[in-house]
Amino acid sequence: MLGDWASYLIYVVVAAAIAGSLLAGSFTWSALFHKDLRQGRQKRRVFESGVSPGEFSPGNFSINYFLTAMLFIVFDIEIVFLYPIAVNLKMLGAFGFAELVVFVAILAVGYVYVWRKGALEWH
Amino acid sequence: MVDGVILTIVKSVILASVLMGFFALMTLIERKLIGRFQARYGPNRVGPYGLMQPIADLGKMLQKENVVPEGAHRKLYLAAPFIAMVCAISAFGLIPFGNVATIPGTDWTIHLYIANTSVSLLVVAAIGSLGFYGLMIGGWASSSKYALLGGMRSIAQLISYEVAFTLAVIGVIMQASSLSFITIANAQDHLWYFIPQILGFLVFFVAAVAESNRPPFDLTEADGEVVAGYHTEYGGMRYAMFAAAEFINAITLSALGAVLFFGGPSGPILPGPIWMLLKIGGFLFVLIWIRATLPRVRFDQLMKLGWKVLLPVATLNLLLTAAVVVYG
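Chains as they are written, first to last, in our numbering: chain A, 261 to 383; chain B, 314 to 641.
Chain A on its own, in the form it takes in the complex (with noise of 0.2 Å):
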């Protein structure tokens, strides 16, 4: 008999196998069969459309990703402080969702607030 995790852990074993022999499938066939095939720098260019792809600067994009990714780590560290109160609800009865009201107030107010503010807004 197993416990329920270690169960799991051969399930994602088994699903890294899939994922990996299709990798390795691919470098494989490529070993045998593509060994003529002629190498050269157009062929490894990025995709531009038909003209130089030109330098390319990872460093440079919008300040929209960061204000969604704060936002994210804000609302979703609040829904998981709802799970355990949404769990356990029934038996805490009114107690409970006056808690959950009162929570939901104060993340109402912040939300209000980023709202106002314009953080919601795709620039």
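Treat the hints with care, since some could be wrong.
What the hints assert, rightly or not - In silico PhoX-like pairs for lysine-lysine, Cα to Cα no more than 20 Å straight-line: (1) B:Lys377 <-> A:Lys295; (2) B:Lys373 <-> A:Lys295; (3) A:Lys303 <-> B:Lys377; (4) B:Lys617 <-> A:Lys377; (5) B:Lys373 <-> A:Lys377.
Just so you know, these hints were derived from the structure itself, not from any lab.
Put chain B on the given structure of chain A with help from the hints.
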């Protein structure tokens, strides 16, 4: 406690094979249906009714040359599709296909799930979210501006809708008082949660379409804007792995929808696994139908919908459900 070691290995292999087979079949059905929606036949040349098309596709993808683009981070570039696919297949592992079954003719009993933990729902959400790394790493490591933009976009979209998604299922958790799929499915014996949780279900469904990157929310691969998004520089088997990961995510989200809102494996006459596959197939059909019907939204519209509509509606549903659970 579940089954023994060998039985668990056999079950894992069977479940993963069923998932991959179901995925292959659904890609064919999707192309067939899209064809029909557009008044054409869809693939019908390879084998009877085009049934061999997925195998032909796999063979074609396998034969493609491995090209790593100039300037790419080789290890991360190769790891990205692997991460995406392992996470996608793994997330499916906790979905139950029934409870305990006896093999006909013997007195062997097996569990029709790999594992039943008290936090299954959280684990599926967490493992599914780990798959986002595959997209982001793939986009970043390709050293292509379209891939980078596509990767950034997909992360922004996925995490925005992750909020609505996790918030929408809290109503179900409150009613079932559990995160275990078996308990949630059993709690729906009398009434599927789809009816009392209609608001939560609508938010869940919209978020699930966005989470699985399917039209009308396939902004990450909007061809007119970012070519093909994070997998612009991927070809052959690596591209196939990204595509598989994306479709398997759609299957997992459909399975979640079936378990959380449509009673999971329960149903009359037919056995549990068949009902599960039928319910998942039903969800996927609606996804394909939507893909054939609706045009793609703009990125700012997408963000607006996620943050300004789904989030408040999901919170409202949460409070209403809490009030009904406690005082109803």
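Status of the hints after comparison with the structure:
1. In summary, the hint linking Lys377 (chain B) to Lys295 (chain A) is supported, as the alpha carbons are separated by about 13 Å, within the 20 Å threshold.
2. Among the hinted pairs, Lys373 (chain B) with Lys295 (chain A) is consistent with the structure: their alpha-carbon atoms are about 18 Å apart, no more than 20 Å.
3. Between Lys303 (chain A) and Lys377 (chain B), the direct Cα distance comes to roughly 13 Å. Compliance with the 20 Å bound is thereby established for this hinted pair.
4. Distance hint between Lys617 (chain B) and Lys377 (chain A) is fulfilled; the C-alpha atoms sit about 14 Å from each other, no more than 20 Å.
5. This hinted pair does not check out: Lys373 (chain B) and Lys377 (chain A) have alpha carbons roughly 52 Å apart, beyond 20 Å.
The structure does not agree with numbered hint 5 stated previously, though it agrees with all others.
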